[in-house]
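Next come the chains, spelled out residue by residue.
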Amino acid sequence: MSKQKKRDFHVVNHSVPRRDGRAKVTGKAAYVSDLKLIGMAYAKVLRSPYAHAKLVSIDTSRAASQPGVYCVITGNDLEGLDPYYGHAVKDHPLLAIEKVRYAGEPVAAVVAVDERAAFEALEYIDVRYEELKTVLTPQEAMAKDAPLLHEKKFEAGALRGFEGDVTAGRGTNLCQEHHIKWGDVEEAFKKAAAVIEGEYYFPMTYAYAMEAYVAIADVNDNGVTIYSSAQHPFMVRHDLKSIFNLPVSQVRLIVPFVGGGYGSKSYTKIEPLVAACSWKAKRPVKLQLTVEEAMLTTRSDDAYTWMRTAVDANGKIIARQAKIYMNTGAYAENSPLVVEKSTNRCVGPYAIPNVQIDNYSFYTNTVPASSYRGFGCAQVTLPGESQIDELAAKIGKDPYEFRLANVAKPGQEFFPKMRPFDGTLEEDLAIAAKAIGWKEPLARGRGRSVACSGSDAGAYPLTSTAVRVHADGSATIMTGSTELGQGSHTVIPQIAAEELGVPFENVRVVSSDTAITPYDRSTGASRTTTLMGSAVLEASREAIQQMVVMAADVLKVKVEEIQVVRGGVRCGEAQLNWSEVISRFYGLPDGEVIGRAYIRKAGKFSQLPVFWETACTGVEVSVDEETGKIEMEKLATVGDVGLAINPALAEGQDIGAATMGMGIGLFEELVYQGPQLMNGSILDYRLPRFSDLPKKVELHLVENQDGVGPYGAKGGGEASLNSMAANIANAVARAVGVRIRQAPLTPERVWRALKEKEKVKSQK
Amino acid sequence: MHQPKSVGEAAEMLARFGEKGRLYAGGTELLLAMKHDLLRYEHLVDIKTVPGLDKIEAKNSSLSIGGTVTHREIEKSAVVRERLPVMAEMTRHIANVRVRATGTLGGNICFAEPHSDPATLLLALGAVAKVQGKSGEKALSMSEILMGAYETALAADEILTAIEIPLPAKSQRAAYLKFQTHERPTLGLALVLSLDESGRAITKAAAAVGSVAPKPCRSEQAEALLTGPREKVERQLSEASGALADAADPVDDLEGSAEYKRHLIGVYLRRAFAQVLSGNPPGREKIAD
Numbered sequence: 000m001s002k003q004k005k006r007d008f009h010v011v012n013h014s015v016p017r018r019d020g021r022a023k024v025t026g027k028a029a030y031v032s033d034l035k036l037i038g039m040a041y042a043k044v045l046r047s048p049y050a051h052a053k054l055v056s057i058d059t060s061r062a063a064s065q066p067g068v069y070c071v072i073t074g075n076d077l078e079g080l081d082p083y084y085g086h087a088v089k090d091h092p093l094l095a096i097e098k099v100r101y102a103g104e105p106v107a108a109v110v111a112v113d114e115r116a117a118f119e120a121l122e123y124i125d126v127r128y129e130e131l132k133t134v135l136t137p138q139e140a141m142a143k144d145a146p147l148l149h150e151k152k153f154e155a156g157a158l159r160g161f162e163g164d165v166t167a168g169r170g171t172n173l174c175q176e177h178h179i180k181w182g183d184v185e186e187a188f189k190k191a192a193a194v195i196e197g198e199y200y201f202p203m204t205y206a207y208a209m210e211a212y213v214a215i216a217d218v219n220d221n222g223v224t225i226y227s228s229a230q231h232p233f234m235v236r237h238d239l240k241s242i243f244n245l246p247v248s249q250v251r252l253i254v255p256f257v258g259g260g261y262g263s264k265s266y267t268k269i270e271p272l273v274a275a276c277s278w279k280a281k282r283p284v285k286l287q288l289t290v291e292e293a294m295l296t297t298r299s300d301d302a303y304t305w306m307r308t309a310v311d312a313n314g315k316i317i318a319r320q321a322k323i324y325m326n327t328g329a330y331a332e333n334s335p336l337v338v339e340k341s342t343n344r345c346v347g348p349y350a351i352p353n354v355q356i357d358n359y360s361f362y363t364n365t366v367p368a369s370s371y372r373g374f375g376c377a378q379v380t381l382p383g384e385s386q387i388d389e390l391a392a393k394i395g396k397d398p399y400e401f402r403l404a405n406v407a408k409p410g411q412e413f414f415p416k417m418r419p420f421d422g423t424l425e426e427d428l429a430i431a432a433k434a435i436g437w438k439e440p441l442a443r444g445r446g447r448s449v450a451c452s453g454s455d456a457g458a459y460p461l462t463s464t465a466v467r468v469h470a471d472g473s474a475t476i477m478t479g480s481t482e483l484g485q486g487s488h489t490v491i492p493q494i495a496a497e498e499l500g501v502p503f504e505n506v507r508v509v510s511s512d513t514a515i516t517p518y519d520r521s522t523g524a525s526r527t528t529t530l531m532g533s534a535v536l537e538a539s540r541e542a543i544q545q546m547v548v549m550a551a552d553v554l555k556v557k558v559e560e561i562q563v564v565r566g567g568v569r570c571g572e573a574q575l576n577w578s579e580v581i582s583r584f585y586g587l588p589d590g591e592v593i594g595r596a597y598i599r600k601a602g603k604f605s606q607l608p609v610f611w612e613t614a615c616t617g618v619e620v621s622v623d624e625e626t627g628k629i630e631m632e633k634l635a636t637v638g639d640v641g642l643a644i645n646p647a648l649a650e651g652q653d654i655g656a657a658t659m660g661m662g663i664g665l666f667e668e669l670v671y672q673g674p675q676l677m678n679g680s681i682l683d684y685r686l687p688r689f690s691d692l693p694k695k696v697e698l699h700l701v702e703n704q705d706g707v708g709p710y711g712a713k714g715g716g717e718a719s720l721n722s723m724a725a726n727i728a729n730a731v732a733r734a735v736g737v738r739i740r741q742a743p744l745t746p747e748r749v750w751r752a753l754k755e756k757e758k759v760k761s762q763k
Numbered sequence: 000m001h002q003p004k005s006v007g008e009a010a011e012m013l014a015r016f017g018e019k020g021r022l023y024a025g026g027t028e029l030l031l032a033m034k035h036d037l038l039r040y041e042h043l044v045d046i047k048t049v050p051g052l053d054k055i056e057a058k059n060s061s062l063s064i065g066g067t068v069t070h071r072e073i074e075k076s077a078v079v080r081e082r083l084p085v086m087a088e089m090t091r092h093i094a095n096v097r098v099r100a101t102g103t104l105g106g107n108i109c110f111a112e113p114h115s116d117p118a119t120l121l122l123a124l125g126a127v128a129k130v131q132g133k134s135g136e137k138a139l140s141m142s143e144i145l146m147g148a149y150e151t152a153l154a155a156d157e158i159l160t161a162i163e164i165p166l167p168a169k170s171q172r173a174a175y176l177k178f179q180t181h182e183r184p185t186l187g188l189a190l191v192l193s194l195d196e197s198g199r200a201i202t203k204a205a206a207a208v209g210s211v212a213p214k215p216c217r218s219e220q221a222e223a224l225l226t227g228p229r230e231k232v233e234r235q236l237s238e239a240s241g242a243l244a245d246a247a248d249p250v251d252d253l254e255g256s257a258e259y260k261r262h263l264i265g266v267y268l269r270r271a272f273a274q275v276l277s278g279n280p281p282g283r284e285k286i287a288d
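Protein chains in written order, with numbering that gives the first Met the number 0: chain P, 0 to 763; chain H, 0 to 288.
These are calculated hints, taken from the structure and not from any lab test. A portion of the hints provided could be inaccurate.
Cross-link-like lysine-lysine pairs, in silico, DSSO-like; alpha carbons within 30 Å at most [claimed, not checked]:
1) K279/P with K34/H
2) K75/H with K694/P
3) K151/P with K322/P
4) K754/P with K628/P
5) K27/P with K34/H
6) K758/P with K231/H
7) K152/P with K240/P
8) K633/P with K695/P
9) K433/P with K315/P
10) K695/P with K396/P
11) K58/H with K203/H
12) K416/P with K603/P
13) K754/P with K231/H
14) K231/H with K203/H
15) K152/P with K279/P
16) K628/P with K695/P
17) K23/P with K34/H
18) K75/H with K54/H
19) K35/P with K34/H
20) K151/P with K53/P
21) K19/H with K129/H
With the rest of the complex left out, here is chain P (with noise of 0.2 Å):
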């Protein structure tokens, strides 16, 4: 707990339950495969068995006259539209238009009465392919006669959230690149005292979400409204506005429950292509993906990564180099951002005087890359984390206390141009250390390991709210924030009654629809409590200011005479709660009071990153010498997360993304054959399950009051992730001495890392 001394909170920083708990758990709970709209038709989707091809023609004459079709619709259906998206790289056409790029993209959609009838028809599409040479890796993709999957050049997506060009189309699979640097890499590399190098890969995943992608489209005269599980409505209404020439009045995203995002829900994916649906078959269209369609829609960047650290006699790290080849797949999606991200956070939290990161990403026939949940931040974890690890046992030291000597301290600008660290990594590395019993005897075959993580994070601040004060005191967030099950429509409501000194039952959340609700966005990058929290703190204490010239003018004294108290005013002998101010001042007991903020990139938002996503993971493995088999023993997280609003909330989310993360290290990987997936559903794709989780889980959060959002809050919820695998990584290198620069770590890959042991010990 913090050491500094809490405010006394009346309703933030206390685990009240969460808002949508009962109603989900009873079922009670919407989500868009629930609605119906009226005369509303079905879709399902026809893809490509090819992962490279020509589309040398498409038939729908024969699927088109099936029982209870509406209409078929393809890429060459799309005259009137600008059928490309995307917010980095208009890239993606909302239908494969002349070729495919990978296995499972959607080359046509059947609109029908029900979603049987359009599943029957797609069988009648007749669909001539002229396959092409694949690319399926990076290093294909780069090969001198790689065939080109993207031959156009693209408009750069308005949208895209990075300082920097994009690189994508310009003659080469390369989709994006960045490249960090400071002080003199080959120099400090030349007098390090030790070095470790190594390729480390980083997998495919897919990041599970229950509910798979679902969305219900109405395109008529008025404009295009769309139902849809997304994390970011505001930058999926760009999407549709540039597709169908409309003005933002007249696009609407209505998002309502959400099953679970992870990242994979963020930007445009299948409401384009609903949207064109509804468009031709002129009625509302739902499209209900399955979740092995789901899995051929988005996965995270896989990386190889080449990386070497070095360290100075006193045990100080003096520098880092890394090359990173990330796998975008067949389109951009927000990969180049993931690119940028991935690259910053190669410096982990380290305060490093050299620094080396040039990072590449292309396009290949695989599934499209994007999102997912840490942001590129575990794909370079994992070498940076194991780096640290090799390099503390090369030069004899503890690793524990060599991240110790080496993290960032707090204020310290140990990444030029960004904002001073704000987190206290030696507090958290300490609790995660106790927590595991990082100085107790190790029984054979075990290992442990602690391991920490810190993100630029936040994205970019653009984020607006209204809360409205009712006249009976009550309040009503409007939040374009969307409720993932990360509980934001929980902890938003404890900051509007923490200000506005009403209970937190008179608190409702309005969310997610563009239409009515101002804008945010996004959510993502862990920023809703960190931006949303303070837009929707400012609008509180904002309604409080035009309440208090109100209670001035009900008084009729000068607006300098008002005191505010918690939950009204006060005037000497006079009195007023927000429901005496409100109706007084309108001589009903009615009307409202409207409070706004806007928050961008100024004032304590100028410095991105927002704030650093900071948190440390220890477990502890035990591992089957025979089988290689990983059992979790311990896990603890430590959430460095300034002021928890919720704190029981942001421990279920350290919880979650912990577990996201061992499931990385341990199991998941989205497997290729060539072009073809292997494993894309989820009988094949193993997903953690609670059983896979240690009895021992320590859950902590250090509560400096050291973020910028509210009450010194900050962001949480990816960070545990992120260190996982490394974490894992490390534990095994102590359990039974071999160092394993792969994840996931699957039986048979450390069965075989213990073989060439063995060989390599015998022929000593």
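We have chain P; now place chain H onto it with these hints.
Relative to chain P, chain H alone:
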């Protein structure tokens, strides 16, 4: 969906529908495959409504488990737990409780999914499948009924009515172990040993390995190596596992390479051997995974 009232009527229906029909006995595999459009049938013949196929009966020297008995019923059956605890223990670790509550033993065997736990244990236990078709009844050993991945020796009209498992003699001990990290096991290994009175020699051995290849298998050579004085057998364990691995001929797949599976056969044969001889009362062994 058809709901016949007798095995004869079901066989009649299956014969009539031919390739357009399929027996439905729980659906945990079949419906999944149909949902993914891997299999298409116009007719499903629901065998669960046929009376008499859902019984577990202990006879003098065998245990009979009806074709539509669910895994969950086997797992909880007092008779199975007492007379053939290895079967109850194996069943307790099949998939998850929802699958066990719906899936049936008959369905499991007839779907012939290569990762079936029961198939491997039943093969080692010398179980027999009772089969009834339009033209009469017959009995098939597990190696006869299981032809390959998703392939059985059953004709279109034939129905597995019961599995008959010889009850182990007092001198017999059995274990079923599996290695599993994915949804389905990477390897299942069943070992049944008959011991002489001293407990120091093995008079008869049955070892079956499953999940590593299209169908579970035994090896006469391996079983010969597993027979004899205990110390001698212990020395021959790796040779026996090599013979068993040769017979099984593991395949490379998402669960692991053939090489890794061959290695696991060795590890699990040793573990099963140690467990069977660990002094637990015959047939009281715990299953590890």
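Hint check:
1. K279/P with K34/H: holds, 28 Å
2. K75/H with K694/P: Given that 30 Å is the threshold and the Cα spacing comes to 27 Å, the pair holds.
3. K151/P with K322/P: holds, 27 Å
4. K754/P with K628/P: Holds. K754/P to K628/P sits at ~14 Å (cutoff 30 Å).
5. K27/P with K34/H: holds, 26 Å
6. K758/P with K231/H: holds, 28 Å
7. K152/P with K240/P: Since the Cα atoms of K152/P and K240/P sit roughly 21 Å apart, the hinted pair holds (cutoff 30 Å).
8. K633/P with K695/P: Roughly 5 Å between the alpha carbons, so the hint for K633/P and K695/P holds.
9. K433/P with K315/P: holds, 24 Å
10. K695/P with K396/P: holds, 27 Å
11. K58/H with K203/H: holds, 23 Å
12. K416/P with K603/P: Judged against 30 Å, a Cα distance of about 15 Å means the pair holds.
13. K754/P with K231/H: holds, 27 Å
14. K231/H with K203/H: Holds, at roughly 14 Å.
15. K152/P with K279/P: holds, 28 Å
16. K628/P with K695/P: The given pair, whose Cα atoms are some 19 Å apart, holds under the 30 Å limit.
17. K23/P with K34/H: holds, 26 Å
18. K75/H with K54/H: holds, 13 Å
19. K35/P with K34/H: Satisfied, since the Cα-Cα distance of roughly 23 Å is no more than 30 Å.
20. K151/P with K53/P: Holds, because 15 Å separates the two Cα atoms, which is no more than 30 Å.
21. K19/H with K129/H: holds, 24 Å
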